[in-house]
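J.: The listed protein sequences correspond, in order, to chains A, B and C.
Heads up: the first sequence begins at 1 in the working numbering, then just goes up one per residue.
Heads up: the second sequence begins at 279 in the working numbering, then just goes up one per residue.
Heads up: the third sequence begins at 568 in the working numbering, then just goes up one per residue.
Bear in mind the hints are in silico, worked out from the structure with no lab data behind them.
Where hints are given, some of them may not hold.
To be verified - In silico SDA-like cross-links for lysine to any residue, where the CA-CA straight-line distance does not exceed 20 Å:
1. B:Lys482 / B:Lys551
2. C:Lys819 / B:Glu513
3. C:Lys662 / B:Gln418
4. C:Lys690 / C:Pro674
It should be emphasised that the depicted structure is a prediction, and the values quoted were computed from it without experimental measurement.
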Amino acid sequence: MNGVPRRRSTLPGFGLTMGLTLTWLSVIILIPLAGLFLKTFDLSLEQFWGIVTSRRTLNALRISFGLSFLAACVNLVMGMVVVWALVRYRFPGRRLFDAIVDIPFALPTAVAGVALTQLFAQKGWLGAPLAELGIKVAFTPVGIFIAMVFIGIPFVVRTVQPVLLDLDVEIEEAAASLGANRWHTVFRVILPSLIPAMLTGFALAFARAVGEYGSVIFIAGNLPNVSEIAPLLIVIRLSEFRYADATAIAVVMLLAAFIIIFAVNRLQRWAQTRIPAH
Amino acid sequence: MSEPQALTFTPRDNIHTEPRVIRFVIVALAVLFLLIFVVLPLIVVFASAFSRGLSAYFAALTEPEALSAIRLTLLIAAISVSLNLVFGVIAAWAIAKFEFAGKTFLVTLIDLPFSVSPVISGLVFVLLFGAQGFFGPWLQAHDIRVLFAVPGIALATIFVTFPFVARALIPLMQEQGTQEEEAAISLGASGLQTFFRVTLPNIKWGLLYGVLLCNARAMGEFGAVSVVSGHIRGETNTMPLLVEILYNEYQFVSSFAIASLLAMLALITLVVKTILERRLDEGQVPSDD
Amino acid sequence: MVRRILVVAAGLLWASSAFAADVSLLNVSYDPTRELYAEFNKAFAAAYQKETGKSVEIKQSHGGSGSQARAVIDGLQADVVTLALAYDIDAIAAKGLIATDWQKRLPLNASPYTSTIVFLVRKGNPKGIKDWDDLIKPGVEVITPNPKTSGGARWNYLAAWGYALKKSGSPDKAKQFVADLFKHVPVLDTGARGSTVTFVERGVGDVLLAWENEAFLAQREFGKDKFEIVAPPLSILAEPPVTVVDKVADKKGNRAVAEAYLKYWYTREGQEIAARNSYRPRDSEIAKEYEKSFAKVELFTIDDVFGGWTKAQKEHFAEGGIFDQIYKN
Chain A
1 MNGVPRRRST LPGFGLTMGL TLTWLSVIIL IPLAGLFLKT FDLSLEQFWG
51 IVTSRRTLNA LRISFGLSFL AACVNLVMGM VVVWALVRYR FPGRRLFDAI
101 VDIPFALPTA VAGVALTQLF AQKGWLGAPL AELGIKVAFT PVGIFIAMVF
151 IGIPFVVRTV QPVLLDLDVE IEEAAASLGA NRWHTVFRVI LPSLIPAMLT
201 GFALAFARAV GEYGSVIFIA GNLPNVSEIA PLLIVIRLSE FRYADATAIA
251 VVMLLAAFII IFAVNRLQRW AQTRIPAH
Chain B
279 MSEPQALTFT PRDNIHTEPR VIRFVIVALA VLFLLIFVVL PLIVVFASAF
329 SRGLSAYFAA LTEPEALSAI RLTLLIAAIS VSLNLVFGVI AAWAIAKFEF
379 AGKTFLVTLI DLPFSVSPVI SGLVFVLLFG AQGFFGPWLQ AHDIRVLFAV
429 PGIALATIFV TFPFVARALI PLMQEQGTQE EEAAISLGAS GLQTFFRVTL
479 PNIKWGLLYG VLLCNARAMG EFGAVSVVSG HIRGETNTMP LLVEILYNEY
529 QFVSSFAIAS LLAMLALITL VVKTILERRL DEGQVPSDD
Chain C
568 MVRRILVVAA GLLWASSAFA ADVSLLNVSY DPTRELYAEF NKAFAAAYQK
618 ETGKSVEIKQ SHGGSGSQAR AVIDGLQADV VTLALAYDID AIAAKGLIAT
668 DWQKRLPLNA SPYTSTIVFL VRKGNPKGIK DWDDLIKPGV EVITPNPKTS
718 GGARWNYLAA WGYALKKSGS PDKAKQFVAD LFKHVPVLDT GARGSTVTFV
768 ERGVGDVLLA WENEAFLAQR EFGKDKFEIV APPLSILAEP PVTVVDKVAD
818 KKGNRAVAEA YLKYWYTREG QEIAARNSYR PRDSEIAKEY EKSFAKVELF
868 TIDDVFGGWT KAQKEHFAEG GIFDQIYKN
């Protein structure tokens, strides 16, 4: 970012800090996760495959990943609307709304869970009018979706916001002076430079929603095959004393998480090389 | 609080912005979305907490079980934040100030807890330290309690909050480069002196920022702690767990009272965060991921 | 001012941790017994102090019966377990923490209080629910927790099965009935308490299959003007068992207290506490005294109809068992 090519550093402490980093990382993250993988070796390959492809597991994974994907899409679209409004326009309370965006990030998930349930239950402030319309939210997959949208709100906004803020106005002006109409400028000039940030935000919201537990379980109906998310199935398998099953599902989810986060870091590198330093 | 940020964009003429109608629609949509999805749930928490008046609210908060949950939550946050603070600074130093192969991979590993389901974060410690787990028999033989006690809850919380400090510092320290530190070293300062005299003043706001987010998550963690807690009343219940328990005991006012404390924590976190972001170089805002 | 508030808050926070009893027991129990043990613990502590001069503090942990058993297996240091069904204690015994003959160590299958499964309906019983068959009428929504995680739900399930079996005499018909029943279930919470909250507080469903004590409690908490209890003519005798966790109690040196604690259930006072909390007492005198509080229900036992917990568990709730088959369809 600072444009200075890196040389071999003359700073001290690389060996020590790297050693400590790796040690701490191993103790807290790697060894526990390795334990998880080791535990799956209690299972034969067929057993593992049988658990992962059982109807209940597949449905739970489908619900977790499918609804997370939908929620991340909504977050992407609404996140862009919000970020556009926050960065490009001035309206009363803009600062306040800017700060509010982070609430889902700072609010403990259990609190979000009870609050959303209270809000969307058949007797709730929003649930009652929706029920009149014949729409049930709480205890249906829609409820899970709502909770996932809630927790994903900050991600797209916060990844796109700095990029949009830094975007050179001159490019827009140049496009406009070359005769492009506003529509063209937005979709051909501005949006493409936001894509890496948008994708990053999308992926982060998606990853968060896939693993989400606290805010979802209160509002989900928890019906097997219908509204049972994968993390809940892990908890259920644990309480049925079926550690191997819990572990197998956890491993699948963990691999997915790893892939998503790796993709995000790649995206960020891509974004850094694409967008010229300011 | 001045408005440095607002100065960066000026009202544009029509070529550079959208028609009035579209502008209005976009702002309305954004505001409506945030009101329904973010503000309303928050209001519900406080409205429910105070639905039976102030005295019921304070009575709920001074119950022995509530006090013990608050105490435990503070203790766990203190342990996990301070450990992750030290680690975060060390890791950021190694990653931001030096070039080495496999950096993306290492950063990915540090980031991993962000996207690992909290349930899995708890599960891994059950598998390690549970009586049936890898270290379980040994721990039992030596009468060391990890699971269903403070160490287990702290470990799960450290796992979940692992990336926050490091991730807040890495971009900041990368951007600041190494010249200042190198100058200090060449003037004969020791490594530690360089860190405390040169680096630390440069990163102090970023560090606070990371600590703040780390703390918010540590106090609010539910899924991971739920798996390792054992739910012993007055002993291993943290505030988020107590919210669930009271909710299930029909004590809705008490449940939402505790929830409101946590919501208050979230709001304070946001206020401090906004202030810190202003302090952090106007330009570079660390991302939230 | 701010400082004073902070000082007071800090004082409050730390003051209560100073208290310590001579003995501390951990009772790991299931969901609906929270109120029961709150009262029982207080009574026992007083009685114990009077008898021995020692103060005893009983800590509680509540959750789904299966999850709680799992926690104990994983090392939760429970001196006693008081779970929803024998199978969950058997699971702990299978890991060597409890002697396998635990159910013989205390009278009456080690179940000092019993309960049954009843229906909780909304005021006026708008769907006219009187018996098990009414549950599978079109348009009726039934709330029950997940039998895989909740002990109470397993009793619900077996009660329904037992009813259908007694009525039709054919296991196939019974299976069909239970399968139909679960088609009417819109929400499967993981614990009995979660289901009650769903039904009572969130207004979902027409009828809640619940422990009798849980139904009474909901009625007490939310008002008789809102809910009615319907006792079906035939239901199951639910026997939640209690026992000492030998390994843990011995290690902590708590065996004597733990045993005294459980035996206190079989005293007059203990039985009265159970009855007051709407658990059916075992003691015939107390039962007579509280006769009017409980509806007359013909009760069958799990041993009669299902040949005991181990068999029932294997047939119905194990992986690939009948419950799984129902949810595959």
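J.: For each hint, tell me whether it holds in the structure or not.
T.: To see whether the hints hold, each was checked on the structure:
no.	hint	result
1	B:Lys482 / B:Lys551	holds (13 Å)
2	C:Lys819 / B:Glu513	holds (17 Å)
3	C:Lys662 / B:Gln418	holds (14 Å)
4	C:Lys690 / C:Pro674	violated (39 Å)
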